[in-house]
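**Student:** Chain by chain, the residues:
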Amino acid sequence: MDFADSDTDLAFRREVGGWLDGALADVPDQEELTQDEREHWSRVWQDRLCAGNWAGLSWPVAHGGRGMDALAQAVFNEEAAVRGAPYPLNGVGMMLAGPTIIAHGTDAQQARHLPGILRGDEYWCQGFSEPGSGSDLASLTTAATRVDGGWRINGAKIWTSNAHNASRCLLLARTDPAAPKHQGITYFLAPMDGFTVRSLVMINGDTEFNEMFLDDVFVADDDVLGGVGNGWTVALTTLAFERGSMALNLWVWARQAVDRLIDVAVERGVADDSAFVDAVGALQCDAEAVRIGSMRMLGESRAGGVPGPETSALKSLWARVVQNANRLAVQLDEAGGVLVDGAGAAARMRRYLRARAHTIEGGTEEVQKSILAERVLRLPRSR
Amino acid sequence: MDFADSDTDLAFRREVGGWLDGALADVPDQEELTQDEREHWSRVWQDRLCAGNWAGLSWPVAHGGRGMDALAQAVFNEEAAVRGAPYPLNGVGMMLAGPTIIAHGTDAQQARHLPGILRGDEYWCQGFSEPGSGSDLASLTTAATRVDGGWRINGAKIWTSNAHNASRCLLLARTDPAAPKHQGITYFLAPMDGFTVRSLVMINGDTEFNEMFLDDVFVADDDVLGGVGNGWTVALTTLAFERGSMALNLWVWARQAVDRLIDVAVERGVADDSAFVDAVGALQCDAEAVRIGSMRMLGESRAGGVPGPETSALKSLWARVVQNANRLAVQLDEAGGVLVDGAGAAARMRRYLRARAHTIEGGTEEVQKSILAERVLRLPRSR
Amino acid sequence: MRATFTQEQQDIGRTVGALADADRGTARAAWSGGWRAPAGDGPLLRDFGLLGVPESAGGIGSGLIDLLVAVEALGGRLVPSRFPAHAAAVQLLCGDGRRGPLPEEVLDGRRVLTTAVDVPGNSGWADTASVDPLVRTLVPYAAQADGVVALGPAGVWFADPVRITARQSLDPSVPLADLTLAAPERPQPSGAGPLRAALVVAAELCGVAQGAIDLAAEQARTRRQFGRVIGSFQGVAFPLAEAATARKAAWDLTLYAAWAVDTGRPDAGVQVHAAKAAAGQAAVFAAERCIQVHGGMGITMEADPHLFLRRAFVLDARCGRGSWHRRRAGELRIRARRATRG
Amino acid sequence: MRATFTQEQQDIGRTVGALADADRGTARAAWSGGWRAPAGDGPLLRDFGLLGVPESAGGIGSGLIDLLVAVEALGGRLVPSRFPAHAAAVQLLCGDGRRGPLPEEVLDGRRVLTTAVDVPGNSGWADTASVDPLVRTLVPYAAQADGVVALGPAGVWFADPVRITARQSLDPSVPLADLTLAAPERPQPSGAGPLRAALVVAAELCGVAQGAIDLAAEQARTRRQFGRVIGSFQGVAFPLAEAATARKAAWDLTLYAAWAVDTGRPDAGVQVHAAKAAAGQAAVFAAERCIQVHGGMGITMEADPHLFLRRAFVLDARCGRGSWHRRRAGELRIRARRATRG
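Chains as they are written, first to last, in full-length UniProt numbering: chain A, 1 to 383; chain B, 1 to 383; chain C, 1 to 342; chain D, 1 to 342.
The reader is advised that the hints may include incorrect statements.
Under the rule of at most 25 Å between Cα atoms (straight-line distance), these lysine to any residue pairs were calculated in the SDA-like manner [claimed, not checked]:
1. K181(A) / G227(C)
2. K181(B) / E361(B)
3. K181(B) / S232(C)
These are calculated hints, taken from the structure and not from any lab test.
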């Protein structure tokens, strides 16, 4: 077992780092910005990625990509995260839509969409979750009814990042209400013309997510991806890419959370308190375990394996360390963190509140534990 | 709300305390003794209780008791626990068998058993649990078959305290295998002549509990308590007395666990370490909550109420504080507590290991949480 | 031992609970347009001002627990009334038995007070500071009060704010301010005042915890996933059972501490520290679990769980940080045990 | 990056796992009649002595991770072999790259060593003591070893025990002793030796955690209550999932720390401290949960869960207490961050 980069990896990492250092030189620390400012920089960053030919890093050369592997993409994301780079505004396009269309799309679909994503002028969002579906994604009820030349779609979607910027949506809808729940679903590459988008305000004041209401939205047959009724299978592909795109980012965010906690403790003069030192020791264990576990997961992937249920352990550890570090940071803050007019205190509280979502988004904590129980411990299903 | 003893209570408490101080003068600290020595003192203590007319403290005068209420018994037990008194060897007789027979027995049964319990020459044990039944007590399978003049009983019981000293057993057996599980059970006042008793060694080396094997044991019709098929109802009475007898003891054990933890920290020179101080602060909260919650529970009982599901919260808190305090005590100990030839270290490890049972015996931690979920939070049953 | 609520206490809980029920939603209303007095504010200040006030201070024999029952009921519905802060100020004043009766306009709510006990940069309350900087922080409803009761190393006093600096509060329904005070002319001994005031905050925290648990349980009883209501999953139910256990522990500690303070027991201090620490932790934990049980909706502004979390944090920070109280409880417990062992 | 087990490492795991499977039950056997060498003891000492030994110390290019894979497999079955303590002693000796090859009879297991690194009354290992009392505690298999490698402030040395005092071990399959040592004549720099030795203990702890989890999961898959196997209750399943998560974290930390030590990375120290702390905590937690899942049977001597708990405690205490390692990890992390920020 060798955790070192190979010479090739190292060279790539250096190339990436060199480019990032230049491209980020004028980009401020995102953590201290307002939502609007962050969104501005996300757009700028997306443009720079496209201009720098990084958008299709792990796409096949035949599709206009650079033909590198998922690890390269992970390394790029890691190096970007370490430098506090903005989140690219078309992450869904680059990381989810493109690869899924490459995997399941027709030639026509690939020709229609891939170039726009690489150029940076076709923005995507992901319409999977629904208000009623929660952790039980396949229970979705958005209904697509057959009409001449396509489908008429009615329903509501939620937790859609970037819906207000996107023109296309990876949309799941139920095309056969009579079929078993995983079989009646179809995956659409839907234009968003008829979508009503409403932004959701999160508890920290950010508007990261949206609701989308579909009222007799027409989607043409050409925009069915992977065949009618095969939506669940296609969706699993997208979800796998989604997990993969996080691969080396989680640990960076965990380490940064611990860094910031130490900073506030130093500032407040309690960094030598033994109770605090013990807390950092415990957080350090979890944070490093996320990093190392991510490396092992990528190692397995590269060796041809499929990331297993252990990724649920990483997600779970990551959520815990970030939540605990961020809670402790606000509690150590001046006035217990509740006076939010100072920029530092406000950002710390914003991060603490944001982190409450970590045990909910991307598979709830309860779902992660169920996966571990069923697939690692081989216990019977409890859901 | 008034947590003070009334003048009458106070006078009783003083009377009890005075007697206990005298009666305990020659009794060593039980915590430092071997199992054999503790059992010896339990027997001595039982004799002293009987001689001192304390055995039937809360029994009606008509049955030879002193006619006081459950609170008085709780106060007696509390004062005894505070002084580290031995556990009386016929606790089952005094606290469970006697009151249950008073509640459900015939005149003949009462005449047959109560005097012997008060005199201290009829010892009892409780045969409810079975190897297969676990938390689901009513799933018991020990079978009683009708024979001439009585029942022939076959099966196995487990977790029986004091079976090796007892001559009578509060025995539950299934008399009607066809009936629904709570309805086919009968409660016997069984002589133990035909019982095979095997002591169970606990993980701390103590032999507190036994297994009992019943192989064609005959029990006469006269020894059916409360009617054939009514066993579950009668058992609930016994279980209520069992909970009541613990009423004011739990907090004493919790406080003593925290006391001992502080003692070992002082001895090891770490009592001023801020991480330790924080831990004690948290333990103090839980330990005091057990004490105060117990007082409120008793207050409710005395006001005519029935102790509610909140007792599950007390049990749960108590188990946690004792387990956590005892674990921390061994971890702070010289050599991490694993060299068990010193008397102090051995006793601390014995207590830590013993406390692992606190989340199992008397209703597992999982059962307590289920009760809280169903009856306090009104969530649907999850078992 | 009659460790049960008296009939009067049950009546207080019901009456204030009904007032509070009518003001449900007022915490949320503060998000648009800032704090406004809830409908119950006036009646509470007018009719309940004698709760918990010792006779020596002009009371009529009501014990501290009476007051805490009222405050807990308000906390459960997040009612942003000035009553708890006013009551805490009154309690701060009447901690020393030798003080005379309080002004009538304070006791009948015509003069609304607030409490200034936390010093910027300290995690404990102001009487632990060796030198008084005469600045207080986390003062609730300062601009909405007619007077300020301050705590300092020298004692308590009706303080004259030289400057009131409004701060941005995590919970908009609880405006917070920094106050610069004039040096006190005749501070009075604070006695058990800080302990009494802290218990008012602890009681409100117990209410917040209960409210969050109630909301979470309601969600768990109704929200369905995988064909079942989610409350039937032990993975959802058990953490709520833990939250209920923590809340019960905190409330029991708070009630007992109030009795200990009222009856002058020597362990009153450690009891109050334990209560305040446990109440803050129970409220934050319950609110976090409430968010979790609500899933995605729980992290949106439009759902209510975050309102409980915000209030929990604000109260945990006030009148001595929760973490400070926990450490004090530990210190006092260890000291007491050492003294016993000689 | 090839963060995957090599073919050799997988083979080691399988081979040692098979040896260990054959010795299942030997930990329990020690309860009657004391420790006896398990069947695999000889083969392990003879055939696996070069695992993890640097070439400078006479090794053949096997990395530390190779050794840890073998030790983890033994821990999972609680095999009471002297191999881990011997291997830790070897690792303690070869932490300084400038040291020459180790004696052949050590590397081929003819001379069985043990490790003496813990000082009575200290929670850290011996190189942190300012004055060396020349007494070591928690020395495993002292009477069953042919030599002792000791750690002191001055370095490591082949120690001469002046007195061996057998102690009563919580785990009878791991005999423990106190040793009084003669003052070293020529101690050698310990270098990364203590870190390397600690990782051997951490790996065994990871094995113990895994074994306890396996046993608990087996019970949860078979034991029925309320008409269902208990593993289908999330109240049972989720804590086991947490145990599995903690164990995975500890094992990943241990593997990475070994790589960091072997490659001389500057963060090796903090990584080892984190690994040892996490491994001890994971093992104790897993064993406690294993007892809980077994219900009443779990608290009896005749069931196996307590064997895991005992081994977990013994190993958590050895080579620096788990709590000490956690605090060291925190201190080094804070120091590093402070240095970054200037």
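**Student:** State for each hint whether it applies.
**Tutor:** Evaluated hints:
Distance check on the hinted pair: K181(A) and G227(C) sit about 12 Å apart at the alpha-carbon level, within 25 Å; holds. Straight-line distance between C-alpha atoms of K181(B) and E361(B) comes to about 22 Å, which keeps the hinted pair within the 25 Å bound. For the hint pairing K181(B) with S232(C), the CA-to-CA distance comes to about 23 Å; that is within 25 Å, so the pair holds.
Of the numbered hints listed earlier, not one is contradicted by the structure.
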